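Sequences are here, hints too, so could you generate the full structure?
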Amino acid sequence: MEVFKINSKDLEVLEKPIKSVYYKYLIPAVLSMMSFAFIVFFDTMIIGQGVGEKGLAALNIVIPVYNLFASLGLMIGFGGGAALSICKGKKDYEGANTFFTVVLTLTISFGVIISIIATVFTDPICTILGSNEMLEPYVKEYLRVLILFAPSFITVGALNVIARNDNAPKVAMISMTINAVLNIGLDVLFVLVFKWGMTGAIWATSMASIVSLIIMSTYFIKNSSLKYNINLFSVKNSIRVFKNGMAIFILEFSNGIVIILFNNVIISLISESGVATFSIITNVVLVFIAILDGMTHAAQPIISVNYGAGKIDRIKTLIKHGIVIIGSFGVIFYILSYVFSRDIVEAFGSNNEEFIVYTIRSMRIYFIMIIFSGINMFAIGIFQSMEKRKISGVISLMKGIGLVTIFIQIIPRILGEDGLWLVVPAAEFITLLFSSIMIVLLLRKSNCESNNNKITNCTKNSEVK
1 MEVFKINSKD
11 LEVLEKPIKS
21 VYYKYLIPAV
31 LSMMSFAFIV
41 FFDTMIIGQG
51 VGEKGLAALN
61 IVIPVYNLFA
71 SLGLMIGFGG
81 GAALSICKGK
91 KDYEGANTFF
101 TVVLTLTISF
111 GVIISIIATV
121 FTDPICTILG
131 SNEMLEPYVK
141 EYLRVLILFA
151 PSFITVGALN
161 VIARNDNAPK
171 VAMISMTINA
181 VLNIGLDVLF
191 VLVFKWGMTG
201 AIWATSMASI
211 VSLIIMSTYF
221 IKNSSLKYNI
231 NLFSVKNSIR
241 VFKNGMAIFI
251 LEFSNGIVII
261 LFNNVIISLI
271 SESGVATFSI
281 ITNVVLVFIA
291 ILDGMTHAAQ
301 PIISVNYGAG
311 KIDRIKTLIK
321 HGIVIIGSFG
331 VIFYILSYVF
341 SRDIVEAFGS
351 NNEEFIVYTI
361 RSMRIYFIMI
371 IFSGINMFAI
381 GIFQSMEKRK
391 ISGVISLMKG
401 IGLVTIFIQI
411 IPRILGEDGL
421 WLVVPAAEFI
431 TLLFSSIMIV
441 LLLRKSNCES
451 NNNKITNCTK
461 NSEVK
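In our numbering, the protein residues as written are 1 to 465.
Note that these hints are calculated values from the structure, not bench results.
Note that the structure is a prediction, hence the values are computed from the model and not measured.
Any given hint could be a false lead.
To be verified - Taking lysine-lysine pairs in the DSS-like style, the calculated list, with each CA pair at most 25 angstroms apart, reads:
| no. | residue 1 | residue 2 |
| --- | --- | --- |
| 1 | Lys140 | Lys316 |
| 2 | Lys243 | Lys390 |
| 3 | Lys91 | Lys227 |
| 4 | Lys195 | Lys140 |
| 5 | Lys320 | Lys390 |
| 6 | Lys19 | Lys140 |
| 7 | Lys227 | Lys19 |
Shown next, in the form of structure tokens:
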């Protein structure tokens, strides 16, 4: 039987100074996430310049579909990656292969199923997303191509996480960087030069995703110690992956639901131009949040491997260091976004001064959430990496949709339109209070409920608090 072989990179994660290991993973992880954010950012900007405000509004309506793809890819990737790395920490290398097999099988299966169902039910999906008669042609034009490439989008998202858990953060970075560069180049060509509109934009994104998938597949076939073996697939381990990744799924999928909620409230409270404002806000904030999320992604495989090996002091050191870095960058990013808000809005091609002024004001309020969001995401990553599913799930629910659903019914009624843009910052702040308490309690525990027991086969150790 072909099994996973231990290598020097695995030992580095367990033995080298934990801060230096984190920085080794940090830059590739951040660049990978930034690449994804820049794809969305430039896609939005180019559609704004090439199609106009209706194109921007239509893109924002379709974004929840991206959130679904991202949530599935990250759920399976993070869920399988945490289990895989814990197996490596316990030196159960067949277990690592098992979870790699589970991840790949699940992503492809989900992608194919979604493509088939969404192709059949495109019209009802447009209605559910909140499209109106004016925007529906733009939404359908984009959506019909997007759903065909669901397997690629979902699988690339998962494999990028698995690559980091396979000690190959640079491979994930290269894959996503090429994806971003190709996507932006094709966007310019298809939308601005060929004038293909929304169809050109989604074909650019889809073709770039396929190239990224080819790069990732080449690495895992030729260079990875992880090997796919369908005989290792099991429903039991699939359930463990789902449980591990449920927190990130809740968070990412909630982002899509929040966008639908906001779009519906904005259309009734403001107008289609308000949706265009929200489109700019969500796509710009994604760049800042992607960097902060990358800092969490860098920590996940390190925490999981050390947790599997029972090296809890190293985990505590990493948690404290990560909080300082992420908190500091959150404050810096808000200041930058506040100072350069006009430049950011004008980059999207609007010449309407009233629209620009309104978007600047709305952005400065909404972007307060950047200060709190990074630490909340890091808290989710900490508990998820150690398979502490209940705590990570509660934080995800609070951060994602729980508090937003409540606040969106209350705050705008009290403060009007400005209150609408305060909903997410308020939700992030309350979540931060809870996250902080949970992290402090974790750090005070001498053993963090360690997995320091001598288990030889972690695929049989799925009972987690």
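Results for each hint:
no., hint, verdict
1, Lys140 - Lys316, "violated, 49 angstroms"
2, Lys243 - Lys390, "holds, 9 angstroms"
3, Lys91 - Lys227, "holds, 16 angstroms"
4, Lys195 - Lys140, "holds, 17 angstroms"
5, Lys320 - Lys390, "holds, 22 angstroms"
6, Lys19 - Lys140, "violated, 48 angstroms"
7, Lys227 - Lys19, "violated, 30 angstroms"
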